[in-house]
Amino acid sequence: MSIRHGLLALLERGPRYGSQLRTEFESRTGSTWPLNVGQVYTTLSRLERDGLVAQDGEDDAGHALYSITDEGRVELRSWFETPVDRANPPRDELAIKLAMAVGAPGVDIRAVIQSQRGHTLKAMQDYTRLKARALADVPTNRDEVAWLLVVEQLIFQAEAEARWLDHCESRLVRLAEAAATEPAARTGTPAERRSAKAGGAGGARAGTRR
Amino acid sequence: MSSSVPASSTGLSVDAPVLELRALTRTHGSGVAEVHALRGVNLSVHTGELVAVMGPSGSGKSTLLTLAGGLDTASGGEVVIEGQALSSLSRKGLAALRRRSLGYVFQDYNLIPALTAAENIALPRELDGVSVRKARKEAMAALEEMRLTEIADRFPDEMSGGQQQRVAIARALVGDRRLVLADEPTGALDSETGEAVLALLRNRCDQGAAGVMVTHEPRYAAWADRVVFLRDGSIVDQTSSYGGAEALLTAEGAE
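If you read the protein sequences in the order shown, they are chains A and B.
Here the first sequence stands for residues 1 to 210, numbered as in the working numbering.
Here the second sequence stands for residues 211 to 465, numbered as in the working numbering.
Excised from the complex, chain B in its bound form (with noise of 0.2 Å):
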């Protein structure tokens, strides 16, 4: 079942979360017109794991995830990411970690209008070094599994939005990488094409990979193993599905 946790593949204990977020905060201005985004969150996600961040907007739960991509810097607090602390990693080490060990999904897709759906996919590989063959494969099969092959060498323009945020997603999940971060990944999709990036998402983790999805949608959050709730920039609740869904039926059953 998905919520079994696979053996890890990273040679780090399987105990270890891929990703902490060790008592982060994140102010914006100072004085009187400081704004407190984050106040002192905590959150392990480990491998297998699936965790969806939702709450009212304003709570916090795009600059929880921009932290824990590294694309924004903590006022306070510490983000780890296998095990590397980020704030101990140069810009370029931060570049190379962001590159192999994760994958973003942007809102707003974030894909690069001069290059096709395949390139986009696997540019991030061949700044990795992988060669241009091996890269444009890989990038293949990642389309493959979204179902998008034939849009392989269309330019961003040339898609729908639903297609647009398919190959975003695909472009995050390219070659192996063991932490993937979503941000309203479904936004712009019918409820099909949503529930079947969720299914993606739901088997990436389950293969391996750990994930941390915002969202103001319960039907997508619930594909999730847990839930976060945020509210001014803290957890307030969370809820986990290990109880398993038998146990909820049976027990109006049991009388």
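Bound conformation, chain A alone (with noise of 0.2 Å):
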């Protein structure tokens, strides 16, 4: 997650001091990423280092004010006219957790399946609540509709992913039933066919050859 950009970004509307950007950053994703102020000074030394901000003076409580460079401007406008790099996706652990429980003795994949629909769902039904909350008056200022984007893009990632997750336990009990049914049908009598799929239809591991 982009710091450093953000921190531009709330820059480029005027000079600012640490505590000050942090609040504006939560109000504006919700808390959804939450910021310490440790995290903020650290981000703006690098971010003057580089040039893109400069120490601004103070306001009159004696807060030390940043304001953004136009070298900051041009590498915001260059943040925001660049899309997302989506090339190198980020290790997901919950892909990696279901790789590693094809096929695992004694794991139950459809079991690990569900635990995590289970509580894919329920965050989907706090954001879903939060939501409602943000919907019950039209949000007008700008934190409030920044919010509900962010609140919604949680929303659609988490429905992406309990997707997903229906997608995957069909998709083993077709292979399950495939190869219970494809070698007994070249070599089998039908009775050992019948057991075959019998065997098959409850456990996902046949689908765990290749």
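FYI, nobody ran anything at the bench for these hints, they're computed from the structure.
Remember, it's a predicted structure, so these values are computed and weren't measured experimentally.
Where hints are given, some of them may not hold.
Here are a few chain B residues that face chain A, going by a calculated C-beta distance under 10 Å [stated by the list, open to error]:
1. Pro266
2. Asp338
3. Glu427
4. Pro428
Cβ coordinates follow ideal geometry from the N, Cα and C atoms, glycine included.
With the hints as a guide, dock the two chains, each given alone in a separate frame, to form the complex.
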């Protein structure tokens, strides 16, 4: 997550001090990705080192103010104009877990899927509640609109995961059925075929050969 | 918040479920061809609660709903609505209970083609003995809630799929019914209209109804207080969201 560019975007609206940036970042994103003040100052000093922001005096209360430089504006513009890179997807723990569960001894992969599905749905319920609350009054100010977009992103992401889990389950069932019927169809008697089918229907393990 | 349980207006205790399924089973066919559509399902739905039922096709979702709505008869177990066991009712009694207590939203709408939107909604109330004028007034109020007043006098074949679906939902909600059963209520709707329909069901439950909705869309199921997962005729899991959304978001921030 780009804290750097988030801070640049906030600074484009005028000079700000560290904890003010933190508050504004969080109200935009509904505290979904909370920052601590330390992170904000570390990021600011890196931005300053790179010439993207500059210290700009103090406010009346003695807070050190930062403003965006011209170079910072160019960087920010290019951030908005460049798509977020999807070519190197971050490691996904769930995908790795399911990949490892395929054929793992003593692991019921359908139970793994179901337990994740329940958890994902519960997260969606919670996000949906937040969304319903955000929509109770039509969001008008910048922060409310921004937060609505963020919470909807969380819902869409969880939904994609839930759908993928459904898909995994039916894929495994189909593969298990296919694996149970195919070899038997070539070699077995009808009785053997039936028993192979009955044995394969319950577990997903037959889908693990590749 | 919507998870709170409003005081019941039924005179029943708040804790008594509006709908109770007790060890419900449904078997089709017999012998070798016997199919267990539902295998001993227990489920209680209380006032203020919206429950979503999910599961792969053939898992028993629709069977559960038709049994709960008294549209089909269980092979074993019992359906209890507002304290009344459906098996104890005569056909007439069952029809009356269905009209008064229960709104049912069908997947394919089931609107009567020869009646206008307003007449479709008013019909169950008129059958209940409400005067034609009052039933019409209630129907118009239900249409207004759905923002559909402009199609009040249209016939089903003059409406879009989405409009028909919303009329069907208005018909299920009209006249203070305390139990709403909905089979894929968002099936034909675009996502914005689908969401509006869910907000409406949610709202009706918050106001003191109880609802059960079959859906395969996680996004819509997420509007429910509880999601029940069926597989092969049994409940394999369920969620509740009473943990609260703030807890979810702040837990990560607590470091």
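Structure-based check of all given hints:
The restraint placing B/Pro266 at the interface with chain A holds, with a minimum CB-CB distance near 6 Å, inside the 10 Å limit. Restraint check, B/Asp338 versus chain A: the minimum CB separation of about 32 Å is more than 10 Å; hint violated. Satisfaction of the interface hint for B/Glu427 is found here, the shortest Cβ-Cβ separation to chain A being roughly 8 Å, below the 10 Å cut-off. The restraint placing B/Pro428 at the interface with chain A holds, with a minimum CB-CB distance near 4 Å, inside the 10 Å limit.
Consistency note: the structure conflicts with earlier hint 2 alone.
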